[in-house]
Structures are given as C-alpha cells and as structure tokens.
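Asker: Read off the chains here:
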Amino acid sequence: ETGVTQTPRHLVMGMTNKKSLKCEQHLGHNAMYWYKQSAKKPLELMFVYNFKEQTENNSVPSRFSPECPNSSHLFLHLHTLQPEDSALYLCASSPINQGPETQYFGPGTRLLVL
Amino acid sequence: DAKTTQPPSMDCAEGRAANLPCNHSTISGNEYVYWYRQIHSQGPQYIIHGLKNNETNEMASLIITEDRKSSTLILPHATLRDTAVYYCIVETGTASKLTFGTGTRLQVTL
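Going down the list, the sequences are from chains D and X. Residue numbers for the first sequence follow the numbering used here, beginning at 1 and rising by one. Residue numbers for the second sequence follow the numbering used here, beginning at 115 and rising by one.
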C-alpha cells in the first residue's frame, strides 16, 4: 500500500464511450502525474501537475483530458479512444522539495479499448 | 539518447545477493541515481537513490563508482518476491519527472 489509490483497476470501453480514471493520494503531496505503460514498452509520462496546475503535457492527444481539482485528486477523462490506447495507466504523486523527489505510484488502471 | 544502460535480464538464486549494474557515463554533477522496481502488473516502487556516496536502506544498497559513471544496486538476500523489472534512472534532484527505460528483468529462482 503506497498511499496512492486508483479506480477502477480494470476498464473495458468502446471507442465511442466516455469514461474517467480516478487517482487519490493520502500522502500530502503537491505533485501528481499520469503515466501510460503499453505492452512491452517503457513507461511514458503523460501529464504533470504541481499545486493543481498542469506543468507538463507530453504531447498527449486531446482524447485524453486530465483534471486536478485539488492536490489530492487527479482524473483522466477519456473519450473516443483508439484500440492502441489500451494500456496500463499509472498515477503517481510526490512532494515538491528542494532536494531529490521520490514518486509513489498507484496500482494502475488496466484499460482495454475495443 | 538514453541516460542509462542496463542489461535486459539477470537471474539470481534465492538467498544470494543480486547485483544489478547500471551505466550512466554522461551523468551530470547535479544528477541523482534513482532505482525503482516494478513487479508484474503493479505500479513502480521506489527503492533507493544516491548522488555521490554509497547508500543503504532496508531494501537495498546502492554503490556508485567514484567517477559516478556507473552504479550497482545490491539486494543482499534475494527472495522470490524480488522478481521484477528494475529501473535505473538518472535525473536532477529537483526534476519532477522520471524517464523510465526498459530496465533489467531480474528473475529470482529456487
């Protein structure tokens, strides 16, 4: 248990559906992240939020829409996805310090797009 | 270009020390060496990090060469539960993002 929870753990959706992934951290951190891990590929950073403000968008298609209402919650809204978007979506959080930062990851949401 | 180079896979017998190498020959003076691992279908887990000195915690030891161009993660007594992909990452201390490569797949066997 890392203090970062993600729901749902598994999701199957059609290409015309709209769904949302939720991440919550109970660690008092001020930075939150979305990563994508496709089969047999390294983790790819998607978005970074610091103090609820988006500080990084790693050229992610607009069919992925993040939302960070407060420092403890992070959402990823999904619409009109493609089958190649099937992957493990991981959320992470970290403190914002002057020194080295450790990221704490949630268990991930395994997404299948049909 | 990747900042780190790791062997794709390694085997280790249970109870023995697992020594995972990482080359980072272009590391800058303000960059730390981080190690994470990912057990199958779970989120990555932080293990340890270091700048210049060797470090040890309850999970592992990190040995960094004097020129800082390579490091070794040591799991002193590997167990089956240590079977995972281990990632060596080089980033500045204030960086808010980690760049994961393909890592080393460690298989611990009986």
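If you are wondering where the hints come from, they were derived from the structure by calculation, not from laboratory data. The beta-carbon is built from N, C-alpha and C at its ideal position, and this holds for glycine as well. Please note that the accuracy of each hint is not assured.
Said to hold, decoys possible - The calculated lysine-lysine pairs, modelled on DSSO-like cross-linking and capped at a C-alpha distance of 30 Å, are:
#1 22/D / 36/D
#2 40/D / 183/X
#3 211/X / 18/D
#4 183/X / 211/X
#5 40/D / 211/X
#6 18/D / 41/D
#7 52/D / 22/D
#8 41/D / 183/X
#9 40/D / 117/X
#10 22/D / 183/X
Said to hold, decoys possible - Derived, one-sided and incomplete: chain D residues facing chain X with beta-carbon distance under 8 Å:
#11 46
#12 48
#13 87
#14 108
Asker: Against each hint, give a clear statement of whether it holds in the structure.
Answerer: Tested hints:
Restraint check for residue 22/D and residue 36/D: the C-alpha separation of about 14 Å stays at or below 30 Å, so the hint holds. Our distance criterion of 30 Å between C-alpha atoms is met by residue 40/D and residue 183/X, whose separation comes to about 27 Å. For a cut-off of 30 Å, the pair hint linking residue 211/X to residue 18/D stands: about 28 Å separates their Cα positions. Annotation: proposed proximity of residue 183/X to residue 211/X holds, straight-line Cα distance about 21 Å (limit 30 Å).
At most 30 Å may separate the alpha-carbon atoms for a hinted pair to count; residue 40/D and residue 211/X meet this at roughly 21 Å. Under the criterion of a C-alpha separation no larger than 30 Å, the hint pairing residue 18/D with residue 41/D is consistent with the structure, at around 25 Å. For the hint linking residue 52/D to residue 22/D, the alpha-carbon distance of about 15 Å falls within 30 Å, and the restraint holds. A threshold of 30 Å between alpha carbons decides the hint, and for residue 41/D with residue 183/X the separation of about 26 Å falls inside it, so the pair holds.
The suggested pairing of residue 40/D with residue 117/X holds, with an alpha-carbon distance near 20 Å, which does not exceed 30 Å. Proposed proximity of residue 22/D and residue 183/X is contradicted: the alpha carbons are some 39 Å apart, above 30 Å. The interface hint given for residue 46/D is broken, as the beta carbon of that residue sits about 10 Å from the closest beta carbon of chain X, more than 8 Å. The beta carbon of residue 48/D comes within 6 Å of a beta carbon in chain X, closer than 8 Å, and the hint placing it at the interface holds.
Checking residue 87/D against chain X by beta carbon gives a least distance of about 12 Å; that is not within 8 Å, so the hint is violated. Using the Cβ-Cβ criterion of 8 Å, the hint placing residue 108/D at the interface with chain X is satisfied: the shortest such distance is roughly 5 Å.
In summary, the structure is inconsistent with hints 10, 11, 13 from the numbered list given earlier, while agreeing with the others.
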